[in-house]
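If you want the building blocks of each chain, they are given just below.
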Amino acid sequence: MSTRNENPSGAAEPMIGATGLTKQYGRSQALRGASVTLRAGEILAVTGASGSGKSTLLHCLAGIVRPDEGEVSYGRERLDRASENRLSELRRTDFGVVFQFGQLIPELTVRDNVMLPLLLAGTDRAAAQDRADEWLERFGVRGQAALRPGELSGGQGQRVALARAWVTGPKAVFADEPTGALDSLAGEQVMTALVHAARESGAAVLLITHDAQIAAYADREVWLRDGAVHSGATPFAVQEAAHHEG
Amino acid sequence: MRADARIAWNLARGSDRREWWRIALTAVGALLATVFALAAITVASVRGQVSIPFGQGLLNQPGERSGVVVALLLLLIPVLGLLGQCARIGAVHRDRRMAGLRLAGASPAQVRRISALESAPACLAGSAGGLGAVAVALAVQGHTPPATAWVAFVVVVLGVPVAGALVSVLALRRVVASPLGEVRRVRPERGSRTLLVLSVAALPIAVGAYALVVRGSSPAAASFPMLVFGLVFLTGAGAVWTAGSSAAHIGRRLAESAKSPAVMIAAGRLRDDPWAAARTHATLLLVTVVGIAFVGVREVVLADLRGKGIHTPEGIAFYTTGIDLTGAAILVAFAISLFGLAVGTAESLATRRRGLAAQTAAGVPHTVLARATLLETALPLAPAVLLATIGGMAVHLAYTAVAAPGTVPSVLPLLVPVAVYAASLLAAATSLPLLRRMAHPAELRFA
Ligand SMILES: Nc1ncnc2c1ncn2[C@@H]1O[C@H](COP(=O)(O)OP(=O)(O)O)[C@@H](O)[C@H]1O
Ligand SMILES: [Mg+2]
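For the record, the sequence lines run as chains A and B. In terms of this note's numbering, the first sequence is numbered consecutively and its last residue is 410. In terms of this note's numbering, the second sequence is numbered consecutively and its last residue is 499.
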């Protein structure tokens, strides 16, 4: 597929590595010894049935939640041991996040939403506005800059969310079913924009999806079952389960 | 009807913590309203000159009794405000749920009945509890009100849940109209509906209270209370309007120029729903006006007593019991209003929990969100309290000029707005621990 990276991604060095992650929520074991590596500049798809632990894995890698056991390393840093302040600083500067929906502040305009991470980093307002507009332009939603998130279509909203994730120049972007709430055409547009941004910026992307068509945009694919990561061909059962959700 | 009741029960039982909060707080509000109304009826039903061992004989004279009735009736106003806040708890989710029922095929009438059945029992529990409390108090005091008073008791106890059900049906108007309800409403015109309901309910109470005050006095004597009531209400309304319109103005100005993320987030919310501030602050602002005027009047009366050579605490107490009770009533009203503010702030955080969790996940520091929450209260409250201060001071100065011409007016009343402002920020701050929970990644799982 033309969207696949020209360089075999195996050559790139590991950026975020997780080994033996476990996470328990009450009686449900979300992760049981999950290990995965995100390499610099690659797009890694994580698939699996609903409830298999995909979101929990993403949360652990992005430093949003701490695993019960196991290690998460980012370069030479151990995220599972980092302080809360350091983690939120990393999420602000080095990582971007995109969820299925709901990450934009409904009361702020599209432009203000995209400016927010820059203002948090201490960028002055005029410069932040220019950068925000530039990224909105790249994702094709510059014309919607003055609107509120509630006034956008689902696809436009997700492209704004991508702009917000990329505006700080992150090294990695974590996307949890970014097209999960969209129809296939809007989903394709969002994915094209995402792949384009990833290639241009060199940011690695951890892409969670249960849609095989979306996973095909990635350089590499792993799948989760019962809280553990597997690679290689996705078994039919997993594809089936994922398909029935969509 | 049986089926509707079962659905209502299942919804209440299966609902999350917030629904129980709403039910409990609504019951507390209904209880307070019932207690104040029944107490007012009890005092009003006493005829002629009697000897009641309460508050230095405060209830012995008909004239002073009507003052107590007025105070009790006016206490209903902050209680109504509190009930309004409670009704909003979980409103977004309730609307979604009702819209879901509509999509599943429930008729508008059915949805209305279900939502009425959800809120009426809470109000009934509260008003029955209030009746019980008043009955116990009467038994302890050994006082038996006349039969007419009991009839009025029953009317109040049954009226409160009926009113509660009506309000919840009214609040659902839009959802009933469209099954899509609030789920996809682009720019909600939230407006000042709650405020309107509050003023419509408050006005007859105020007029009734005024009628009681001037009952039997000459037109000339009736004009000063009229002036005071008028001033209090005008400044109260003005202050509330100021809160709303300044929120819109401040929000717009700051949203365009904010350099700090906390200010930008707060400004965005003010601009989006400016009347939310007025709604939460309405009764607080009224209490501010009344409180300033009261402290002023009290200073004049105390100065007058000192002028007459009365210095001992007992001597002063004999004259000031009524005044002190009024002060206590104002403090109670203040406490209820602050409680309403705290509930309102907590509710607005709970409604936005998924968004807050997403901000935290994206690295927005907790302190920024906390500062934005406080600014949302602090920014619109400042000009509104200023106007309330001007109105209250006008009443104070007018009273001083009439009752003690030639004296220098006291500046003590100016402490009231300072205290109100500080206490309001503290009340808003009580929801900050909640913010920490609402902004937790676990909340990302909730829509
Ligand atoms: N915050 C939480 N509280 C309780 N259970 C949770 C929480 N997060 C995840 N889980 C549970 O952990 C399991 C994995 O969830 P998740 O990672 O969201 O799966 P996926 O994203 O693959 O659908 C599920 O059984 C889910 O119910
Ligand atoms: Mg998930």
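Do not rely on the hints blindly, as some may be mistaken.
Said to hold, decoys possible - From the derived model, a few chain B residues whose C-beta atoms are all more than 10 Å from chain A:
1. A369
2. A387
3. V416
What the hints assert, rightly or not - Just some of the chain A residues that point at chain B, by a computed CB distance under 8 Å:
4. G190
5. S192
6. V200
7. H223
8. I228
9. E235
10. R256
11. G266
12. E271
13. L284
14. D347
15. L349
For the record, the hints were derived by calculation from the structure and aren't laboratory data. Every residue, glycine too, gets a C-beta built ideally from N, C-alpha and C.
Taking the hints in turn, this is what the structure says about them:
{"no.": "1", "hint": "A369", "result": "holds, 52 Å"}
{"no.": "2", "hint": "A387", "result": "holds, 30 Å"}
{"no.": "3", "hint": "V416", "result": "violated, 6 Å"}
{"no.": "4", "hint": "G190", "result": "violated, 11 Å"}
{"no.": "5", "hint": "S192", "result": "violated, 12 Å"}
{"no.": "6", "hint": "V200", "result": "violated, 19 Å"}
{"no.": "7", "hint": "H223", "result": "holds, 6 Å"}
{"no.": "8", "hint": "I228", "result": "holds, 5 Å"}
{"no.": "9", "hint": "E235", "result": "violated, 19 Å"}
{"no.": "10", "hint": "R256", "result": "holds, 3 Å"}
{"no.": "11", "hint": "G266", "result": "holds, 5 Å"}
{"no.": "12", "hint": "E271", "result": "holds, 4 Å"}
{"no.": "13", "hint": "L284", "result": "holds, 5 Å"}
{"no.": "14", "hint": "D347", "result": "violated, 15 Å"}
{"no.": "15", "hint": "L349", "result": "violated, 20 Å"}
Going down the numbered hints, you'll see the structure goes against 3, 4, 5, 6, 9, 14 and 15, while the others check out.
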